[in-house]
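The lines below spell out each chain.
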Amino acid sequence: MASSRRQFLKSAGAGVIAASVAGCTSDGGGSETTTTTEDGNGGDTDTTTNTSTSGGGGENEMIYLHDNLIDSVDPARHTDFQTTVASMNFYDQVVTIDPETGKVKGNLVTEYNTKNDGKKWNLTIREGVPFHSGRTMEASDVAYSMNRTLAVGQGIASIWQSIMEKGSAKAVDGKTAQFNTTTPYAPLFASLVQFMVVNGKRVKENEESGDYGDHGDYGKAFLEKHSAGTGAYKLGAWKSGDEIVYEKFDDYWQGWEDNNFDRVRFQLVPEVSTVKQLMKQGEADMINPYHGTSTYLELKKEDNIVVPEETSPRLFNLPMNTRREPTDDVNVRKALAHAIDYQTIVNDIFKGGTRANGPVPPTLPGHNDDIEPVKQDLEKAQAALDKSDYSVDEINNIGLTYDYLSNVSTEKKVGLLLQQNLSELGLDLEVKPESWATLSGNFQKPDTTAHLSGIFVGMQFPSADQALYLAHHPSAMGTYISGSWFTTDELTSILEEARKTIDPEERRQLYYEAQEILADAYPCVYLLFPPYRMAYNDSIGGWKYYGISGMQFQWRNFYRKQ
Amino acid sequence: MSSFGRLIARRLFHAVFVLLGLSVLIFSISRVIPGAPVRLALGPTASQEQVMKVRREMKLDEPIYIQYFAWLQDALHGDWGQSLVTGNNVFYDIVQRFPATLELVLVAMIFAVGVGVPAGVIAATHEHRWQDHFSRLSALFGVSMPRFWIAIVFQIVFAGAVFSLLPLRGRIAGAPPPTVTHLYLVDSLLALQFGTFIDALTHIVMPAIALGVATLAQVMRLVRSDMIEEGAKNYVTAEKAFGLPGNLINYKYKLKNAFTSALTIIGLEFGFLIGNAFLVELVFAWPGMARYGVNAIVKQDFNAIVGVTIVVGLAFVTTNLVVDLMYGYFDPRGRIQEN
Chain A
622 MASSRRQFLK
632 SAGAGVIAAS
642 VAGCTSDGGG
652 SETTTTTEDG
662 NGGDTDTTTN
672 TSTSGGGGEN
682 EMIYLHDNLI
692 DSVDPARHTD
702 FQTTVASMNF
712 YDQVVTIDPE
722 TGKVKGNLVT
732 EYNTKNDGKK
742 WNLTIREGVP
752 FHSGRTMEAS
762 DVAYSMNRTL
772 AVGQGIASIW
782 QSIMEKGSAK
792 AVDGKTAQFN
802 TTTPYAPLFA
812 SLVQFMVVNG
822 KRVKENEESG
832 DYGDHGDYGK
842 AFLEKHSAGT
852 GAYKLGAWKS
862 GDEIVYEKFD
872 DYWQGWEDNN
882 FDRVRFQLVP
892 EVSTVKQLMK
902 QGEADMINPY
912 HGTSTYLELK
922 KEDNIVVPEE
932 TSPRLFNLPM
942 NTRREPTDDV
952 NVRKALAHAI
962 DYQTIVNDIF
972 KGGTRANGPV
982 PPTLPGHNDD
992 IEPVKQDLEK
1002 AQAALDKSDY
1012 SVDEINNIGL
1022 TYDYLSNVST
1032 EKKVGLLLQQ
1042 NLSELGLDLE
1052 VKPESWATLS
1062 GNFQKPDTTA
1072 HLSGIFVGMQ
1082 FPSADQALYL
1092 AHHPSAMGTY
1102 ISGSWFTTDE
1112 LTSILEEARK
1122 TIDPEERRQL
1132 YYEAQEILAD
1142 AYPCVYLLFP
1152 PYRMAYNDSI
1162 GGWKYYGISG
1172 MQFQWRNFYR
1182 KQ
Chain B
101 MSSFGRLIAR
111 RLFHAVFVLL
121 GLSVLIFSIS
131 RVIPGAPVRL
141 ALGPTASQEQ
151 VMKVRREMKL
161 DEPIYIQYFA
171 WLQDALHGDW
181 GQSLVTGNNV
191 FYDIVQRFPA
201 TLELVLVAMI
211 FAVGVGVPAG
221 VIAATHEHRW
231 QDHFSRLSAL
241 FGVSMPRFWI
251 AIVFQIVFAG
261 AVFSLLPLRG
271 RIAGAPPPTV
281 THLYLVDSLL
291 ALQFGTFIDA
301 LTHIVMPAIA
311 LGVATLAQVM
321 RLVRSDMIEE
331 GAKNYVTAEK
341 AFGLPGNLIN
351 YKYKLKNAFT
361 SALTIIGLEF
371 GFLIGNAFLV
381 ELVFAWPGMA
391 RYGVNAIVKQ
401 DFNAIVGVTI
411 VVGLAFVTTN
421 LVVDLMYGYF
431 DPRGRIQEN
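Heads up: the protein sequence lines correspond to chains A and B, in order.
So the number in this note's numbering is just where the residue sits in the first sequence, counting from 1, plus 621.
So the number in this note's numbering is just where the residue sits in the second sequence, counting from 1, plus 100.
Note that these hints are calculated values from the structure, not bench results.
As the structure is a prediction and not an experimental result, all values here were calculated from the model.
Stretch by stretch, here's where chain A covers chain B in the computed footprint (C-beta under 8 Å, at least three residues):
#	stretch
1	184-191
2	255-267
3	377-385
4	394-400
Negatives, chain B to chain A, calculated, CB over 12 Å:
#	residue
5	ILE108
6	ILE126
7	GLN167
8	ASP174
9	ASP179
10	VAL221
11	GLU330
12	ALA332
13	ALA341
14	ASN357
15	GLY367
Below, simulated DMTMM-like cross-link-like pairs (lysine to aspartate or glutamate); rule was C-alpha separation at most 25 Å, straight line:
#	chain 1	residue 1	chain 2	residue 2
16	A	LYS1066	B	GLU149
17	A	LYS1033	A	GLU1051
18	B	LYS153	A	GLU829
19	A	LYS1034	A	GLU919
20	A	LYS791	A	ASP738
21	B	LYS356	B	ASP424
22	B	LYS333	B	ASP232
23	B	LYS153	A	GLU786
24	A	LYS846	B	ASP179
25	A	LYS1121	B	GLU149
26	B	LYS153	A	ASP701
27	A	LYS860	B	ASP179
28	A	LYS740	B	GLU149
29	A	LYS1121	A	GLU1111
30	B	LYS159	A	ASP838
31	B	LYS153	A	ASP838
32	A	LYS787	B	GLU157
33	A	LYS1066	B	GLU157
34	A	LYS846	B	GLU157
35	A	LYS791	A	GLU826
36	B	LYS159	A	ASP832
37	A	LYS825	B	GLU157
38	A	LYS787	B	GLU149
39	A	LYS1182	A	ASP924
40	A	LYS1121	A	GLU1134
A virtual CB, placed ideally from N, CA and C, is assigned to each residue, including glycine.
Working from the sequences, and respecting the hints, build out all of it.
See below:
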């Protein structure tokens, strides 16, 4: 009995091995993934897409690596760089940025005009733009998309929620969409680089029950896992928590070059050592710009990797809490600002970058070139400290704190350098790493906001309003951008006036004034605009720098060099 | 009801209270730790109005006991609350991700037990010889080296600079097999897709071994020491005197008696790995629940924190029940006591 049992087990094992070998040598073996695409009549059509691949970046496909969970590509819900990149290749924006000039130009919209002192905006849409379903875009889709964004009220909607009422967007006729604001908002056109258009008819057909009255859930469930845009790519497959596959939309309105990618794989790889290996081995083609400086410098040494470097509009600064002792004293803030070794920060910590003289990037209209960046000057620092209402002992008894994000090494290094610099004035500084959740919580109140914080501030659209309003208007207090808690009646009045001023030159003058107020008040230490770096395989062509969060990663721009 | 049935009923009864207690504890902790999770989820440009709206929708302004009972009522109907990060129902998120972690842990445990037990037996039967010394050194290595370090070294050696044999990341390169169990290895075999099976196997090999090495070391050393202890007993001497083959004595008689301590460790490790596989999942970009759980902690996604903790607790309760049942097999005295 025991022998026959052994015989049986041996035979069974041999059978499994034989079957496995037979399976390995058979053709294919992968199943096909069913994806739902849209047919010309707006209904669902099941197509099958074989998503098995011979290797990373093979065939005519590109592999892009990102490091954060993405669970929705709904264009009304994108909040950050990753979700913007994920959604903007399915959906076109109404305006875009010219990479050559950095200026905003029409995309799905060809013309605009504004009336009623900047409260009525008429947008003429581009004709003949097809959705993935085949249906042609109309002005009603633009109006629906804006009303949807306002109603859903998440992510990017915050740009427009305070100035547009829900349901206020409308289609004047088939070619003209109208946005109505409650108050004049001069940066509206620039802000529309974040506004993407959905196929209104398609989404309406797929609305489920929800919180938005007649519109149910406004298609939120549907758009989480389906694409309904005009973008260059359609949703090919979605492996939750792993990969999104973009498939080329053949009828894209801007057309195609011969060697554009048929497919792009958007893969989640959170661990930087794995990212580096994949890039070095050529198993990935491109990575995002949010890894550490050392990662890009290491990859730059590889023969098969290109690391472009551009001037970034993303500011690294140290907001100083103006509502907490002792940084409520402008002379203390001035002393801290003049004590810092800026050159070491630029040259050794960030390995490059442009010194900042205020919150507005030098690449934007409205940047005040007349203001000199603050320089390290210990004599000036000491003189300011001597004039302040606090003695060194009093400041040390209160205890200065510097909070930074625990997983960002550059912020830590800046903190340690700051600690050393301030010690030359006899000042102690506690350098505290915090999680992002705790840091965000601390910024909600002046009492819990640290005296100094290491903060990166990016631009969602190219307007000086973004850099100034979100940092210093009373309505924007309580976020990491407004960590200085600095507002004055005069500054508030200027910022509100600038928003209403349609004439660009007049608006620019107001922004100059605002920056002069900030230069005198020292609410932040404006350190630098660090270099923008990312990395891609040298077989990839088509890299263009747009300056604004995520816009570089439009897959249609890229191709594999022959 | 048989003793077996009574045992299961009693364990399930206790499990309900354990899980309830766990849910109260983790629910409270996740909601009282400082932070601004809603603001974090909506982004810095979100207006205070948006933040307050979401807080109201999630009942975050209610007293904590009201929040808990509302959550419990919904959870019993499959609604584990909305994730602040993904926007999905947490139950849906976990269902999507748990099979990947379960498969990884199962393969890691199969590796740890499948290699660790025979290695422990060999070390015991060759006490103080090179096999024993080798097992001691490898066990030391296995428990000392962090799992994520082993994972990175594996990547460099087997998927990179030295050999390019195995894939660096992910769970599968091609399309997944038709879903039955959500375990790719099992589903591909059920569908007779052997190419897919090999694809999934090559992807799971490195992460599973990296995850299982420390467990293997513990199992190996426990089996070794218990086997040596058993070897000194009279029944073994009697069996040898009767001329029974060595392998029969070792694997059928001694191992059965020596296995109970290792079984305890295996049970504990299984539950531990379900919740702690995240570093390996991170290195290999494995789309599992552990990584989702850590991300939830970092972003204070409290519904997800509670959901993942409950699942990990359930894993511990289940494995403890299975271990208790298996004790009855390995030690008949346990079965008699139950009767």
